[in-house]
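With chain P held as given, fit chains U and S onto it using these hints.
Sequences listed follow chains P, U and S, in order. Just so we're aligned, residue 1 is where the first sequence starts under this note's numbering, counting upward by one. Just so we're aligned, residue 1 is where the second sequence starts under this note's numbering, counting upward by one. Just so we're aligned, residue 1 is where the third sequence starts under this note's numbering, counting upward by one.
Any given hint might turn out to be false.
Simulated DEER-style distance windows between Cβ atoms [to be verified]:
1. 156/P - 132/U: 26 to 32 Å
2. 153/U - 99/P: 41 to 47 Å
3. 143/U - 43/P: 49 to 55 Å
If you're looking for bench data, these hints aren't it; they were derived computationally from the structure. Where is the CB? At the ideal position from N, CA and C, for every residue including glycine.
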Amino acid sequence: MIIVGSLLLSATKDFPDWGDQDSPANDGPVSSFYIEKTEEKTKVPNMVTAVLADYRGYDTMFETVVIFIAGIGIIAVLRTYGNNDSTPKNQVGDEGAGLLAKITCSLILPFIQLFALYVVAHGHHSPGGGFQGGVMLGASYILLALAYGLARAKSCFSEKRTLVFAVVGIIIYVGWGVLCLIMGKEFLNYSALDSILPGGVEMARSHSMLAVEIGVALTVTAVMFSMFSNLSTKGRLDKGL
Amino acid sequence: MDIIIASFIEEVIVPKFNYWIYVILMMIGLFAMITKNNLIKKLIGMAIFQTAIILLYVSVGVKSEANIPIISHHGHQEHVEHAQDENHSPKPEVSTDDKSEKGDHHTIDKDKFANPLPHVLMLTAIVVGVSTLGLALAISQKVHGSFGTLEEDEILDQLKPGGHD
Amino acid sequence: MIWQFDIIILIFLVVTAVIALRVKDLLGASMIFGIYSFLICLLWAEMGAVDVAFTEAAVGAGVSTVIMIATVFSTTRRSKD
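Only chain P is shown next, with the shape it has when bound in the complex (with noise of 0.2 Å):
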C-alpha cells in the first residue's frame, strides 16, 4: 500500500498549480464551448444544469437508471413477505418520536416538501436541478416516517405507489427521447420538438430540460423513501401495506 501511495505522490508533480487558468482542463475546446456557448443556445443560465440534461442527456438517463436498479436490488435483496406475529418492536419506533419532535416536524414539513419542488423547477437559474429536489423530497418522506412512525409514512406514500414513481420517472425520460426520435432527429435531440412547443429552438430545449428533471425528481425520490424503508425494518416493513 506504501508502494500505491507513493505512485501517486509521484504523479502529483505533473499536476498543474491550484486554480491555474491555464491547465489543460480548463483551457481545451469543450469546456470553453460550454461556457460560452450555452447561453445562446439554450437561454438556460445555470451551465452546469444545461450539460447535464442536454449535451450529456445519455448519461443522466443511465444514471437514472443506475438509481432505479439500485432501488429494486434492495428490495430484491431484503425484502422478506408472509405474516409474522411475533416481529420484535419496531427499531425505528412505530409510534415515533415525542410530542415536540411530532409538533416541529409537522410544522415544517410542507415547508421543506415546497422548497423542493422549488429547487426541482428553479433548476436553470439557481443551483439546483433534478437529483437535489428529489432527494429533498425523498427526505422529507424520511422525515415524516422518523416523526410520526412507519405506519404513517406508509398511507402516504405505499410500496405500490414507490415503484409506480420509479417507472414513471424513468419512462419520462425515456419517453422523452423517443418523442424527439419520433419527430425526426436523433435519439434526445431537443431541438426537434420545436414545433410543438411553444418559442424557438432554444426555448425548445430548455423546457425540454424541465421536463427530464422532473422524471429524473420522480425517480430519486420513490427510491430514497423504498432505500430507506426496507433497510430499517429488516425488509418486513411490517405494521403497514
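For chains U and S alone, kept in the frame of chain P given last:
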C-alpha cells in the same frame, strides 16, 4: 545540501499541497477497506475513498478568482445601469476577443467562470456512490442475519469447516 | 479560493477520516462520517462548485448518514476493532 532539499520540498509540496492531502485521504480509505475487520468500517472506508476521488476531480477545474458557473442576469436595463452592477463591470471592458454575440449581450469571458464539466461528471459520481452504499448496507444486513456477526474473521471461521450457509 | 481556509478544512478532513475509522462504537462512526460529508460540502462550496456541494449536502449528510444509522440499529452496535 540541506538547502537544496529544503528548496526542493518547497517547490514540490507547497504549491500542490492540496493534491498531497487528496492522496493521503485516498490512502486512508484504501487502508481501511483492506485491513479493517468490521464490515461497516470497510464501507466507511469505501465512501471516504469515493469522496476523495471526487474531490480530486473537482479541484482540477478550479480557477482562481472565478465566479460560480451560473450566468447571472441583473435585469434587462444593462445599458442604463452600468454603474451599479459589479457583476458585469469586468466583462465588457476587459475582454477584447471578438466572440460577442448579438448586440445587447455582454461577451462571456471564459476565465471568469469556473469550469462546469467536472461538476457534471461528479454529480453522477456522487449519486452512484450513494446507490452503491445503500445496496452494500442491505447486503451486510443479510450477512448479519445469516451469520450473527459483522466481523470478517468470524464469518470466515464459520464458513470454513462447512458451517451453515 | 482563500488558501488559509482551505488548508484548515483539509486538515480537519484528514483528522475526521482517521477518527471515523478508529472509533469502536459504530453509531459514533456513522455520525462522524456525517461530519466528514459536511466538511467536504463546505470545501466544494468554497471552491465554486455549488451544484456539487448542494448534492453532497443533500445526499451525503442526509440520506447516506440516515441509512447507515438505520443499518447500525438493526445490527450490532459495537465493533471489535
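For each hint, the structure was consulted:
no.	hint	verdict
1	156/P - 132/U: 26 to 32 Å	holds (28 Å)
2	153/U - 99/P: 41 to 47 Å	holds (45 Å)
3	143/U - 43/P: 49 to 55 Å	holds (51 Å)
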